[in-house]
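Visitor: Sequence:
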Amino acid sequence: MKNTLKYFVIAVLSIVLFSCDKDDDLQSKDIKRYNVESGIVHYETSISGPYVNGSGTEDLYFKKWGALEMSFEDKSETLTMINANGIEESTTTNARNAYKIDNEKIYVVDYAASIIFTKEDPLIDYMRQNNLDALEAGRETMISMGGVQLDNEKILGYDCEVWDLLGVKQWIYKGITLKAVSHMAGITIIEEATSIKFDVSVADSYFELPNFPHKDITDL
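All the letters of the sequence shown, read from the start, carry residue numbers 0 to 219 under numbering that gives the first Met the number 0.
Mixed in with the good hints there might be a few duds.
To be verified - Below, in silico cross-link-like pairs of lysine-lysine (DSSO-like), each with a Cα-Cα straight-line distance of 30 Å or less:
(1) 153 / 63
(2) 118 / 104
(3) 118 / 153
(4) 168 / 104
(5) 104 / 74
(6) 168 / 153
(7) 28 / 118
(8) 173 / 63
(9) 196 / 153
(10) 168 / 63
(11) 118 / 63
(12) 196 / 118
(13) 74 / 153
(14) 178 / 74
(15) 173 / 28
(16) 104 / 178
(17) 196 / 28
(18) 196 / 104
(19) 214 / 153
(20) 214 / 196
(21) 178 / 63
(22) 168 / 74
(23) 28 / 104
(24) 104 / 214
(25) 28 / 63
(26) 28 / 74
(27) 178 / 118
(28) 168 / 178
Simulated from the structure, these hints should not be mistaken for lab results.
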């Protein structure tokens with residue numbers, strides 16, 4: 000359950016913080032979140048700390064300017080502790096997770112439990128109530144949370160806005176996060192794009208969910 004909730008947080012924050020493009024009629028049009036029409040991005044992740052190390056990969060697929068998006072993450076993490084006898088013990092865990100955004104709906108796939116948690120995107124009501132487009136809503140939220148915009152930097156040749164928010168530094172290209180570095184409790188997590196393909200054809204098969212039962216997050 001902890002991992003499932005973590006992925007909902009990631010999904011919601013990524014929408015709130017980095018959404019972009021204007022949509023004049025949210026109820027009848029696709030919700031545009033990126034200034035890129037489609038893309039396939041591969042990320043590599045490293046985890047390091049006094050007692051933990053790990054690695055992982057993530058593959059992001061999107062089309063319709065981010066109205067439809069699917070992300071798959073595989074992670075292996077090893078925790079090393081010293082037991083009461085002074086002997087080191089290591090435990091390795093492997094996890095696979097996925098999340099999907101389809102306009103106003105968020106899906107988080109828990110492969111371990113074979114269930115899909117669903118939630119309405121809370122950003123939509125905020126945009127409607129405040130008469131904001133996605134870019135305005137995202138920037139207002141970042142600033143209200145103490146986000147600081149730094150000088151632009153390039154990732155694989157793409158000129159990115161750089162934001163520092165809540166201990167996480169992020170490199171963002173037209174709404175898409177290409178790199179993120181976080182430091183917490185002595186643990187450093189780095190996720191960086193190593194392969195980027197924008198404005199390409201993305202097959203519908205990438206957005207298919209597994210045949211798991213659905214459960215609304217409000218029921219938890």
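Visitor: Each hint should be assessed against the structure and marked as holding or not.
Guide: Now for the hints, and whether the structure bears them out:
no. : hint      : result
1   : 153 / 63  : 25 Å, holds
2   : 118 / 104 : 6 Å, holds
3   : 118 / 153 : 34 Å, violated
4   : 168 / 104 : 27 Å, holds
5   : 104 / 74  : 25 Å, holds
6   : 168 / 153 : 14 Å, holds
7   : 28 / 118  : 19 Å, holds
8   : 173 / 63  : 14 Å, holds
9   : 196 / 153 : 16 Å, holds
10  : 168 / 63  : 27 Å, holds
11  : 118 / 63  : 20 Å, holds
12  : 196 / 118 : 29 Å, holds
13  : 74 / 153  : 26 Å, holds
14  : 178 / 74  : 17 Å, holds
15  : 173 / 28  : 20 Å, holds
16  : 104 / 178 : 25 Å, holds
17  : 196 / 28  : 25 Å, holds
18  : 196 / 104 : 25 Å, holds
19  : 214 / 153 : 40 Å, violated
20  : 214 / 196 : 33 Å, violated
21  : 178 / 63  : 22 Å, holds
22  : 168 / 74  : 21 Å, holds
23  : 28 / 104  : 14 Å, holds
24  : 104 / 214 : 13 Å, holds
25  : 28 / 63   : 11 Å, holds
26  : 28 / 74   : 35 Å, violated
27  : 178 / 118 : 26 Å, holds
28  : 168 / 178 : 8 Å, holds
In terms of the numbered hints stated before, the structure departs from hints 3, 19, 20 and 26, listed from lowest to highest.
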